[in-house]
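Using the sequences and the hints, build the whole thing.
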Amino acid sequence: AQTVTQSQPEMSVQEAETVTLSCTYDTSESDYYLFWYKQPPSRQMILVIRQEAYKQQNATENRFSVNFQKAAKSFSLKISDSQLGDAAMYFCAYRSLAGNKLVFGAGTILRVKS
Amino acid sequence: NAGVTQTPKFRILKIGQSMTLQCAQDMNHNYMYWYRQDPGMGLKLIYYSVGAGITDKGEVPNGYNVSRSTTEDFPLRLELAAPSQTSVYFCASSYSTLGHYGYTFGSGTRLTVV
Chain A
1 AQTVTQSQPE MSVQEAETVT LSCTYDTSES DYYLFWYKQP PSRQMILVIR
51 QEAYKQQNAT ENRFSVNFQK AAKSFSLKIS DSQLGDAAMY FCAYRSLAGN
101 KLVFGAGTIL RVKS
Chain B
1001 NAGVTQTPKF RILKIGQSMT LQCAQDMNHN YMYWYRQDPG MGLKLIYYSV
1051 GAGITDKGEV PNGYNVSRST TEDFPLRLEL AAPSQTSVYF CASSYSTLGH
1101 YGYTFGSGTR LTVV
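Which chain is which? The protein sequence lines are A and B, in order. Position 66 (the first sequence) corresponds to 66 in the working numbering; numbering is contiguous. The number in the working numbering is simply the position in the second sequence, starting from 1, with 1000 added.
Simulated from the structure, these hints should not be mistaken for laboratory data. Computed from a prediction, not measured in an experiment: that's the story for all the values here. A portion of the hints provided could be inaccurate.
To be verified - Once the Cα atoms are required to be at most 30 angstroms apart in a straight line, the calculated DSS-like pairs of lysine-lysine come out as:
1) A/K78 x B/K1044
2) A/K78 x A/K55
3) A/K113 x B/K1057
4) A/K73 x B/K1057
5) B/K1009 x A/K73
6) A/K55 x A/K113
7) A/K101 x B/K1009
8) A/K101 x B/K1044
9) A/K55 x B/K1009
Unchecked claim - Partner residues are not named here, just some residues of chain A that face chain B (Cβ under 7 angstroms, in silico):
10) F35
11) R43
12) Q44
13) V48
14) A106
15) G107
Every residue gets a Cβ at the ideal spot worked out from N, C-alpha and C, and that includes glycine.
If you want it as structure tokens, here you go:
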């Protein structure tokens, strides 16, 4: 079974600075998908970014980008120019290529200081 | 589009009571899921469904039941509520088994069993 590990329970960043959230995963599969979800205090789960394992190019969505290291099974999220609205719990998640279930990490709370 | 609608948003149950958490989606998604999120933890899969009339257990199914009589609705039934079921419950849906599709989540139900 696949597992997802987020080793940072909490992180803090100064407004306008850059922060990186870590995620590692364990799988024996060669093709899969990885996601980062944001959960603000409203509890709504919001998809931030996705990465296909067969693509070598790292995904980017505006201020959010990932560093995908397939051999190391690492999938970190970089948030540039951090904003107060970025404060939330962030979850890393894994999904098999043809699977229909997301496996989540335990989450990282991101605090943004003004 | 309403997306995924969960009701109620909050509920307090006494030990031994039963209740049904409602989930409805209007996106014609075949795949629907129930997750629970315990404090400081990631989401764990309770049950999922790949279409009307088809359901299957996830990681933590004990104490719960589901049914899927229509594409739109996927209710979660708690029988004989226990304090260990105090959690936030999320319903989600997905268009396809193709992994690059993320999930659409409801806003969650916060359940307290006392």
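Structure-based check of all given hints:
Between A/K78 and B/K1044 the CA atoms are separated by roughly 25 angstroms; this keeps the pair inside 30 angstroms, and the hint holds. In summary, the hint linking A/K78 to A/K55 is supported, as the alpha carbons are separated by about 18 angstroms, within the 30 angstroms threshold. Between A/K113 and B/K1057 the CA atoms are separated by roughly 42 angstroms; this puts the pair beyond 30 angstroms, and the hint is violated. Simply put, A/K73 and B/K1057 have alpha-carbon atoms about 27 angstroms apart, close enough for the 30 angstroms limit, and the pair holds.
Between the alpha carbons of B/K1009 and A/K73 the distance comes to roughly 37 angstroms, so the proposed pair goes past 30 angstroms and is violated. A threshold of 30 angstroms between alpha carbons decides the hint, and for A/K55 with A/K113 the separation of about 35 angstroms lies outside it, so the pair is violated. Distance check on the hinted pair: A/K101 and B/K1009 sit about 24 angstroms apart at the alpha-carbon level, within 30 angstroms; holds. Taking the CA atoms of A/K101 and B/K1044, the gap is about 10 angstroms. The hint holds against a cut of 30 angstroms.
For the given pair, A/K55 sits about 39 angstroms from B/K1009 by alpha-carbon distance, which is inconsistent with the 30 angstroms threshold. A cut of 7 angstroms between beta carbons decides the hint on A/F35: the least distance to chain B is about 6 angstroms, and the hint holds. Given hint, A/R43 at the interface with chain B, holds; its Cβ is 4 angstroms from that chain's nearest Cβ, closer than 7 angstroms. Evaluation of the A/Q44 hint against chain B yields a held restraint, the C-beta minimum of about 5 angstroms falling below 7 angstroms.
Nearest Cβ of chain B to the Cβ of A/V48: about 10 angstroms, over the 7 angstroms cut. The hint is violated. A least Cβ separation of about 5 angstroms between A/A106 and chain B falls short of the 7 angstroms threshold, and the interface hint therefore holds. Look at A/G107: its Cβ gets to within about 6 angstroms of chain B, closer than 7 angstroms, so that hint holds up.
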